[in-house]
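Chemist: Sequence:
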Amino acid sequence: MPVWCYYSIFYRQGVACGNEVKPGDCAVVGIDLKKILVLLLISTLLPGVSACRSPESGNSAQSAILSSGDMVITRSEFEDHLELKMAAYPMEIRKMAADFNSMVMELVNDLTEEMVLVRAAREKGFRISENEFRKAEKKLKSDYPEDAFEKMLLRNAVDYSFWKKRFRRQLLIDKFIRRELLEKIEITSGEVVSYYNQLQTDTEDQGKKKEKGRMSEEELVNRIRRRKAQNRYQGWVRDLSEKFPVKVDNEKLKSILKSGSAPKEKG
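Here numbering that gives the first Met the number 0 is used: position 224 in the sequence shown is 223, and no number is missing along the way.
Because the hints were derived from the structure by calculation, they are not lab data. Take the hints with a grain of salt, since some may be wrong.
Lysine-lysine pairs mimicking DSS-like chemistry, simulated, CA-CA at most 27 Å apart [claimed, not checked]:
1. K253 <-> K84
2. K257 <-> K84
3. K150 <-> K134
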């Protein structure tokens, strides 16, 4: 599972590159909010890292390696993210040019997709209220006794205010995906019956005890909706990327890649 990960129902796979990057392949997964804390911390261990921040000055815009509208990721920020990403790989990754370059382009893809989704969400008027944030934070902390959560942030040198901004961004992306994709998928009664019968057949084929009536209609519908969302997600995000393209400074990218040149864009 990629290190760079939304807390939401999706995580990204694949590679994207080129002057205007298109998000790569995606898969629907059921990620529990309480289990994603470590992944969120991985992307926030450096207090100075802040993906997709608005440019503070002309110098920020000029040093941007990724940009979309008023959102930029400077080369320095990108390198910070890269250092964090490398923590999940073998130490010798720096010496393996092909693998290192694939990892860099995977990060380009990850950050690109996030920028597309955040811009699209803001354009549609999506926001995370303080009340929504507090409820999500309370749910996240519920598995941690007393002040264990705060101690974990301190132990990893993560500033709470920065973590809050990062977590709020993840909530925004999740809300946007759920409202604009998942909840708009229609499910017919025929699909529910067909899926239920298939589950029973699969259970019998695997030699397991048949459990008719154990799964509610709502659970069946949710499973079908997630499956259909998985099939539609890639095209949906690609459509969004046409409206909110992300530009890459290839010269800066080439200086990071071991080969000295960016991989060719895949069609």
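Chemist: Would you check the hint for K150 and K134, treating anything up to 27 Å between C-alpha atoms as holding?
Modeler: Holds: K150 and K134 sit about 20 Å apart, inside 27 Å.
Chemist: Is the Cα-Cα distance between K257 and K84 27 Å or less?
Modeler: The given pair, whose Cα atoms are some 16 Å apart, holds under the 27 Å limit.
Chemist: Check the hint pairing K253 with K84 against an upper bound of 27 Å on the C-alpha distance.
Modeler: 18 Å, holds
Checked against the numbered hints listed earlier, the structure breaks none of them; every hint is satisfied.
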